[in-house]
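**Q** Sequence:
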Amino acid sequence: MSKTGVARISISLPPNLLEDFDQVTTSIGHDRSKAIQQAMRDYISEYRWDHEPGASAVGTITIIFNHDIAGLEGDLTAIQHQHTNLITSATHIHLDGHHCLLVIVVKGQAVEIKELATQLQSLRGIHQLKVTSMMEEGLSENQHSH
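All the letters of the sequence shown, read from the start, carry residue numbers 1 to 146 under this note's numbering.
You may find that some hints are simply not true.
Under the rule of at most 30 angstroms between Cα atoms (straight-line distance), these lysine-lysine pairs were calculated in the DSS-like manner [claimed, not checked]:
(1) Lys34 <-> Lys107
(2) Lys114 <-> Lys130
(3) Lys107 <-> Lys130
(4) Lys3 <-> Lys107
(5) Lys34 <-> Lys3
(6) Lys34 <-> Lys130
It should be emphasised that the hints constitute simulated quantities derived from the structure, not laboratory data.
With the hints as extra help, turn the sequences into a complete structure.
**A** Written out as structure tokens, the structure is:
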């Protein structure tokens, strides 16, 4: 298959799935091709995240925590300082009198990002932690979203 231009494919789908897909695609202003391309990229990225731990990834670790827990903010900061090779930035937002949102932007090997998330998750006072990742490998300039 050529690396330039486009490849045309044919797929079979249950009618209800296609109807739902078309409704969602139309509501966000995409055509079928663009939506399927994005879905395929997400599918490939998810596979690589799970099965290729050495693959390069970018993403965020989003945390909601209770800042009233003694020492927690210091522990969060210390762990971030131990992983400056992965962390490109962090944003701390005060949600209310007791809870904060911490968004850590990461770039590095998937396995290292997973290890960082596990280390952060183990801290007492973390209410929720979610990792959102995208694999860098194989992206060309026209695939990046801005």
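**Q** Give a verdict on every hint.
**A** Hint by hint, here is what the structure shows:
no. : hint              : result
1   : Lys34 <-> Lys107  : 26 angstroms, holds
2   : Lys114 <-> Lys130 : 11 angstroms, holds
3   : Lys107 <-> Lys130 : 15 angstroms, holds
4   : Lys3 <-> Lys107   : 27 angstroms, holds
5   : Lys34 <-> Lys3    : 17 angstroms, holds
6   : Lys34 <-> Lys130  : 27 angstroms, holds
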